[in-house]
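> If you want the building blocks of each chain, they are given just below.
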Amino acid sequence: MINHLLVLPRLRIQNANAISSPMTWGFPAMSAFVGVQQVLERNLPDDIKLVFNEIGVVCHHIEPQVTEGGFIKAFHLTRNPVDKSGGTAAIVEEGRSHLEVTLLIGVESEGDDLSSAERRRAIAQTLFDQVQGMRIAGGSVMPAFDTQQRNRPELISFSATESERVKQWRRLKRRLLPGFALVLRDDLLAEHTATLKAQDESATTLDAWLDLSRLNHECLVEQVEDEKDGKEKEVVQWNVRRPYRGWLVPIPVGYGAISDQYDPGEVANARDPSVPFRFVESLYSIGEWVSPHRFQKPDDLMWFVENDLGRGIYRLQNDYANTVTQD
Amino acid sequence: MSEPQPPGSLRELIEQFIHQRFATKTEKMASDDPAYIKLQEQFVPQTWLADAARRVSQLQVVTHSLKAIHPDAKGTNLYVEPRSLEQGDLVGSHCLPDDFQGDVVGNAAALDVYKFLKLEWQERSLLELALENDDTLVGALSKEREEAQAWAQAFANIVEPKGTPSSHARGKQVYWLVNDDPTDNASYHLLAPLYATALTNPFHARLSEARFGEHAKAGRKARRDNAAFEGGYSDYLNLAVQKLGGTKPQNISQLNSERGGQNYLLASLPPNWISRDVTPPLRTESVLPRFGRRAPVRQLINDLVNWIKQNMKEDERRAQSGKAPRKTYQDRDLHDDLTAMLSDELLMFTYELHRLTPGWSKDSECRLVTAECYWLDPGRSELDSDFATARRRSDWHEDISHRVAGWLKNTLTKRMKISLDDPVHDFWAAQVELVLRNFRRQLEDLEDALRDDDESLQGELA
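So the protein sequences, as listed, match chains X and G.
So the first sequence is numbered by the UniProt record's numbering: it starts at 1 and just counts up by one.
So the second sequence is numbered by the UniProt record's numbering: it starts at 1 and just counts up by one.
Be a bit skeptical, because a hint or two may be false.
To be verified - Chain X residues, not near chain G, derived (Cβ > 10 Å throughout):
1) His-4
2) Pro-45
3) Ala-74
4) Ala-122
5) Arg-135
6) Arg-165
7) Glu-225
8) Ser-259
9) Asp-308
Said to hold, decoys possible - Stretches of chain X that chain G covers, calculated by requiring three or more beta carbons in the stretch to come under 8 Å of a beta carbon on chain G:
10) 106 to 120
11) 152 to 164
Rather than coming from a laboratory, the hints here were simulated on the basis of the structure.
For glycine and all other residues, C-beta sits at the position ideal for the given N, C-alpha and C.
If we strip away everything but chain X, and leave its shape as in the complex, we get (with noise of 0.2 Å):
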């Protein structure tokens, strides 16, 4: 359960990194952000004792720039300049997306007097200085437009008594819309998966995220008596097959390994000697984009880092499908 919740309202990001894996675009990864929430927490300013837990991303408004139209996209590419010899410089494509997005961070204590509205005033408005000045998903932050209310950073501390919890919820909520969240459904994932096997055994979990990630038009043909003449016809419908309602999107979560680990120095051209150092491969499950009215709780639309580092497993999780199922 999150106790203290930064708020960072409405940050507009340019040209935030719109190729989010080698098999998906459109938003970045959540580890981009997950990788805001670790920066900041390592940038803190000495006087704020805070720990920082999970991250959570809504999305207000977004303009990938590629091109308008069509069938497939193509994204608006930048020119670059020419290498040593003149020659044009290999490049590898990129996709950008200009972004308005609120954070919203699970934070704790660690020694910080969080009961004072004043300090976790002070709090909120640094952290939202600092983010300011950052890059996120590659992107760069643009100065908010107007300081409305609506838009001030908050350091929310949830109350002990559930009604008032419900309260403040319902009162962030209402400042997170219009928009959607991001959040986990690998339950779906598998759940296709087990029912494509059931058909066909070699079916695999690739086979069910293609099936969740496209429109599937099917054709059914159905003999129906004519209401006049008595005579049986053909009438054709065709339909959109579904297998799960809501919005659900392809997403990446982490990575696999696909090496032993090496020892810090070992592998050459490391960009950093003193780690260990993997070689891996994208992981990918399903996510969801959900209207933040509908969350009942904070947690709910949360990312945060859990590895399986047994099965060399790197990846993020989100609590939503729990308590979904749980309903």
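With chain X fixed as given, assemble chain G onto it according to the hints.
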């Protein structure tokens, strides 16, 4: 030219391959050409094999490549048996079948050696046999046992990473937290993601098939013409393409070249709730018809109608076999989700109209009923104190909830071509009622969101 006889032994298969390559190379040469004679020497099986065993070191068969991350990056590429990975319920290379296709990186001039290793003998490739140090293969390579062993070993080495493990400044390397404390430098691992090129291959094939395949094309046409079609087809919405390797995809890898350097990316975009041009809803009493014309709303209504019909059929079946009607409904969750999504759409629609210049509802052309003005033009309160007072005193939330539910009921009954007053259709009416009850429940969430907004606005003004 006569068809070559199927090889009777592994050795024959090998010699046939070498001979065919020689034949292709010398097709247009005269047999007394000095180049021809030179090639003839090169393609003596033992010479060619020895050379191949030497040249194979210029190639690596991989499942994960580095150059796709950045064309200038040099460093470790890896061959990992998909079966050896334990990635559980997530999507990754472990999803590949046993007969997956490996990729090749390295000197393109040595690719003929890879073609050689892909030759199949009794449904297994020479590479597989080499990897298992298979006796038949060793026997077929050379009569000299020691030499044959060395060659088989050299061929098997094609999957081994070259040199010591290394990354590159142009490769991707990310810090990943492995302990609880992000402020401690010892809490991180450095992760170097490689490009899962073997996994991308079936992924690319499936998406290409959905885009360009004959079946998909025929399906799209059938749907446009509302014609019958066996099965269905799929669309990946907002699919993007990233080019790898620019005009020289072969520089990245063999498979990348086969894919034309095209890398598909699936979209993870949030719902796009802001339409470009929002116009004030003038000359109409209600915005609900406008709401109903939105594509996602039409789709949801469609789904709801289908849901009701399915339940109808199930109950008819039960009635025919003499069973009592069910108390609970099949796919209750689905129905909940549908109505929740419909209320989400209404919320997006509401916020879209809230972006209009406050006070738009004062226009003389505006004929909206008062409750809808209160709902959609809250900003007018700040300009018009009479409006503000009246709005605060009214039960507009309740009104809107009624109006929206009424609109949904009309839409559903119209779509199903029934009159709910007709006693014959009692059952339909009950089904629609069920949908409406649930929808009203979902709307409460939405009212809540809007009501809170007003309260806090007042708080700010005070």
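> For every hint, state whether the structure bears it out.
Now the hints, each set against the structure:
X:His-4, annotated as away from the interface, keeps every beta carbon of chain G farther than 10 Å; the closest lies near 17 Å. The Cβ of X:Pro-45 lies farther than 10 Å from every Cβ of chain G, with a closest approach of about 13 Å, so its non-interface assignment holds. For X:Ala-74, the shortest C-beta to C-beta distance to chain G comes to about 6 Å, within the 10 Å cut-off, and the non-interface label is violated. Chain G leaves X:Ala-122 outside its interface by the beta-carbon criterion, the shortest separation being 21 Å against a cut-off of 10 Å.
For X:Arg-135, the condition that its CB be more than 10 Å from all CB atoms of chain G holds, with the nearest at approximately 14 Å. Every CB of chain G lies more than 10 Å from the CB of X:Arg-165, the least distance being 15 Å, so the non-interface label holds. Interface exclusion of X:Glu-225 from chain G stands, the closest Cβ pair being 15 Å apart, more than 10 Å. Chain G draws X:Ser-259 into its interface by the beta-carbon criterion, the shortest separation being 6 Å against a cut-off of 10 Å.
Not every CB of chain G is more than 10 Å from the CB of X:Asp-308 (nearest about 8 Å), against its label as outside the interface. With 0 residues bearing a CB less than 8 Å from a CB of chain G, the stretch 106 to 120 of chain X misses the requirement of three and the coverage assertion fails. Coverage of the stretch 152 to 164 of chain X by chain G is violated [criterion: at least 3 residues with CB-CB distance below 8 Å; count 0].
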